[in-house]
Amino acid sequence: MPKTRDFGAWRLFLPGGKPFLLYPSRPKLSLMILSRLLTVLGRGALSIFLLHSFIAPQVVVAQPNGAELFANNCASCHKIHEDLVGPALKGVEQRRDQAWLLKWIRNSQAVIASGDPYAVKLYEKWNKSAMTAFDWSDEEIIAVLAYIKEEGAKAPVAAAGTGDGAGTGGSGSGNAGEFTSLTMWVVLFAAGIIVLLLSLLQRQYRLLYEERLATGRIPQGELRQFAWALRPKPLHLVGGGLTLILVSGIGWGVDMASNIGIQQGYQPTQPIAFSHELHAGAHEIACTYCHTGAERGKSATIPSVNVCMNCHNQIKKESPEIKKILTAYETNTPIEWVRIHNLPDFGYFNHYQHYKVAGIQCQKCHGPIEKMTEVYQHSQLTMGWCINCHRETKVNLDNGYYQQVHGNSEAFKQAVADKGLTIANLGGLDCAKCHY
Amino acid sequence: MEKKYWRSLDELQQTDAFVQESSREFAQELPIESLWSDGAGVQSNRRDFLKYCGFGLSAAALAACNKTPVKKAIPFVMHPEEISPSLPNWYASTYFDGHDYASVLVKTREGRPIKLEGNKLSSLNQGGLNARVQASVLGVYDEERIQEPEIEGQKASWEEWLGEVVQDLSGAAAGSVLLLTPSVVSPLTKSLLQQLISRYPAIKHVVLDHQSVSGILDANEASFGLAAIPSLRFDKAKVILGIGADFLGNWVSPTEFTRQWSSGRRPSKESPVMSRHIQFETILSLTGSNADARYTYRASQEALVVANLYNAVAKIAGRNSLDVPALELAGNAIAQTAKELWAARGASLVVCGSNVPEVQLLVNGINDMLGNYGTTLDWSSPWQVLQGRDSQVSQSLSDLQSGQYKAVILNQVNPVYATAQGSSWAKALKGVRCYGFSLRRNESTALCRALAPASHALESWGDAEPRQGHFSLMQPAIAPLFNSRSWDEVMLGLLGRQEKVYDVLRNSWIARAAGLGIASDFSAFWRKILHDGVLEKQGSAQATFKGFDLSAITNSLKVSKLLETSSKDMNLVVYSKLGMGDGRLAHIPWLQEMPDPITKACWDNYLMVSMVTAQSKGLKDGDMVRIKADGVEQEIPVLVQPGLYADTCALAMGYGQQYAGKAGTGVGVNAAPWIRSSGYVNIQSLEKTGETYQIAQTQTHHTIEGRLHVKETTLTEYAANPASGNVRPYVSVRQEDGSTKKVYPGVSRDAITLWQKRDYEGHHWAMAIDLNACTGCGSCVVSCQVENNVPVVGKQEVLNRREMHWIRIDRYYNFDNQGEGSTTRRINQENEYAGIDKPDQVSVLFQPIMCHQCDNAPCESVCPVLATVHSSEGLNQMVYNRCVGTRYCANNCPYKVRRFNWFSYIDNPQFYNNPAQTDLGRMVLNPDVTVRARGVMEKCTFCVQRIQAGKLDGKRKGMRPVDGSIQTACQQSCPAGAIVFGDLNDPQSEVSRLFLNERTYGVVEELNVLPSVNFLTKVRNTTPVQA
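These protein sequences, in sequence, are chains R and E.
Numbered according to our numbering, the first sequence spans residues 245 to 680.
Numbered according to our numbering, the second sequence spans residues 65 to 1091.
Keep in mind that the hints were calculated from the coordinates and are not lab data.
Hints are not guaranteed to be accurate.
In silico EDC-like pairs for lysine to aspartate or glutamate, Cα to Cα no more than 16 angstroms straight-line [said to hold, decoys possible]:
1. E/K184 <-> E/D596
2. E/K135 <-> R/E580
3. R/K657 <-> E/E825
4. E/K1021 <-> R/E580
5. R/K657 <-> E/D823
6. E/K136 <-> R/E580
7. E/K136 <-> R/D589
8. E/K1021 <-> R/D642
9. R/K568 <-> R/E580
10. E/K135 <-> R/E539
Please take these sequences and the hints and turn them into a complete structure.
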């Protein structure tokens, strides 16, 4: 018997489920290379899978500060370096003293009514558009002024994308869907390679078998079996083909069924070509300037026409799209937007809880909204998707509620000490949190 | 030996039908046969089955191929500042419909009123509401309301309608136009009425109350010079005697009285005192069923009972007595009660429901002898909601018949239906020019030549002064849905004034504010009272008792034949049910479906007969009888009711209407022809017709197999041992050393268990219900139905035992309480239900039952699809979209609180009564609660939507929700404050304190299901008060 070099063994599972052991008695160099290749490919595919399951999205937690106040309240009409609806604010503290600014920000109309000449001039210059009165504390106004000063010192940035609430936070888990499909392609590719290599391998064996047959040495055992086992037979081909069609058909059906009701990527045409890219992106208007409901309750709310008119009674009045707003306003006809995010009726989602209490950024669920010219549904909005986030997201423990209600429990302390408390730790997976 | 409780006569007698039914969880088999057979008796077969399968499959496939429909999101054009979508707004307002008065808080969502709650700042409500006012919110969304003014059947404008009325008013002779209105509680309406009458002297204004308290008003006018009712203070009274007055149910101001009464009945370990409540009555009323001692009298002898009580008190007080025949109730009750009242003089209270002025005069005399004026009866702010005087009403009818009136204006009154002289009214009204102003059409408006739509109380501006010096503002919660106006607006129109009613109201308040000494900043004051809803100033009225002539009263009573002792006639009593009242809300299906607290019957009225009468006449439940009394004959089904005086039948008013819409039309018979101020009519004949009728009663549904679920004790025993009557089940556990130890599963949770211990790290929601405070009024049932979108299923489904109420009130009878000082009458085996020989003497216990949110929930362990699972906060969650409808959970629930959606109540035409079936009715649904689909289980959630909102509010404020800030709907509406909900993990919360109370127990806690709802034992004050 020839001597054997052991370079590994494969266990192949054929459709019958019987393990097929392969021990080439006298391998050739080409066989060795092929088998090594297969090992490497298999391990590669495995590691891609593992890598996928370890990637966790990051949570961005908002900090209350001057920047936030500016973004949420001022940015819709003012920019730091250039005029918008109102004047550019760079150097505003050089132009007026703080006491005047405090008065002006709290109630500009009162200052104008008091006959302050600067105020009246300013009012006239900006087409008599009244500035909203802000019921802010001294500290809040000073924080905003400090932010203006700080930003004013920086050079103007040409491209937007850093504004709080508009720019950041979108990068976290945004690519989960793409990643999944990429993985699938890699695995399919690898499987294809494996099939190709296996057929090459088998061909090699058959050649080896025939060679031995020709030389008069009758092949024995597995070598003989393997060489003939995968030899194509017409009946096998038809049967295999049918099985393949059936299996992939079932797979496709299940895949389709599990996607019923999922509208990820849904991007309907809206009655007005409103661009979030322009408003939230380029102009850095805070999301809650228009979607005010997110700061109060369950619905984020689509802005009413009068909110649009806050700016558009001044800006771009000639555009045909803006004219649609004007028409709606004048004829008192509501705009019928096409609803993109449709949660089922029995699922309760509260914007206030997520945006204000947890401090989750809008982009976490709505995707890179500041880059969308036309909005589409970014996330799956399935229960699994919600639950996953509840499992992974850490609770914002600054809120006294959590300290007072959960603070004394051992599990709470333990979880905080370990790796932070997730929403799931606090009952965030309970059915009746969302279904009632 | 334990006392034996029973819930129905069938159970008492253990009839075959009862035994059979009680062993079944669901009353009927699945209705598959009826679905598949073609109705002609042809049974279904395998082919049909396959057909349906095939159809089902293809239909499902087709449905799945549908594209997801495009949904629109339509924001406002101009966003109203005060509306935030998804957030409720609350407005303080006032509800008054002519009978029920309440200061309310209106919850609106996106501009729609969806729920009413009592205003805590109002002394008349103190946060509670009765079932009718709870349900009245649906009256706004009523498609059957009058929508446009009409003249002689033709649609007209308001100007035309007002023009017609003005034409009849101007130039007519003085006092030739009759204006009939309900009581006028609004100062604004009063002043406008005055202006109207001085402008048009033709108007003769008469107040018509469908349920008047005319007798008391007459008596008080004679005794005190004030036609009003003093503030009654049941909370200050040590001994309360009610004589035929259902003050916890329907008499005068029941919501207020319930809160007062229950606050006087909260004994504690430290101070084991509570009021003693004695009730004399003919039928079993809600008040009587809550009394410590209850005695029955013949309806025709009410005056005699009061006169004898007067004599008994006078004898002790050393005053002159009346010359009347002597009468005594069982166990010398009158003499005994007189002694008790005297012992507690100055802190006792006698109230009487009679409408006979002489009887009420005697009651005033009794209270005066007892020195109760100034303590338990306070004249400083008299109650003035009901003002109707029977004498004026009958005078106006005879004037109308004699042709004195040329025209009649009916403002939200229905004399044709609701008065005993209805047919005379109908005849008389046909002869005059009649104008109707009403929310809905009714028997009287049908006779009007012109008709105008009234605005609902929730659509109108206005005010009210229910009690002198106590003001309440009415602000609209929604703009009028139809082309309707309020009565104030109509009067402004008749006066030709162009102002808006809001401006008139505000101006009237500017004048009033000056009178009240609020001159400084009116707009701030105005904002505050609009916000608070009420302004309560101590009234300044004074009244002293003038005394009366004893012989005059005796004579007058003799003339009215109210002092007969020998009468053996059977009496028919007309009473009002808590759900239906006088029937003005009979079109509201929630009230039709609310089980009556006593009979537990819904969707009907019926002749309640005593057990004695039933036996002698051979009647049983559902037998139709032909009854003739005072010349009126009707056919009515019979319901045998324990607790009635032997020779008595009783019939509820408010039924038998012709215009009560889908829900109320044709339900029952009208009792109004038999309404008498004396309170009864003699029955001339009562015969079985031989037919039978099904009355939908819920009382034997969801039976819990004779387990001990209600516990009671007496005050004496409680004082000696606070845990008396509260025998807790235990398990004997053998210790290592061979001794045994008692383990109480209800007390030390998890002491011995096969279940995995549950840890509640955050909240642990729980509820404690005080059986001593609960009166069984059923306000919680309607409140829960409104809050949780519970469907109305209709009479047939109630008969099928498929009612959907998430909370029910179980009513138990027993025979042991005779009020004779004996604590309990013990029951032995030979005499299992002792007292069955005295069927009028039952005592009653009420117990609200909803989902107990068990820690070891039996329902959870049998659900094959995990549709009901436990939450980390102790809630037993029901996940509708997982439920496949096996109903195993309902079968395994020891409390029988799970309800199965047998049908699609929102679109199946069989359930046309369900409010969710019409576009307008859907407006009342709570958007925070899912409307359940067919084929799923549902049950009480502890109002999880309110819990979640309360927690979110806590997070908003950065703190634990304050105890009491999260209230379940049943708790919020409870007029007695019997329900306490809160967090067991908060040691400061009231519910955790109550869970440690000696009176607290869990129902069937021996099953170790660890319910999160616990009860506090009922304490009866059975010991007579001694001097």
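>> Hint compliance check: list the failing hint numbers for this structure, sorted ascending.
In response: Hints 4 and 10 contradicted; others consistent.
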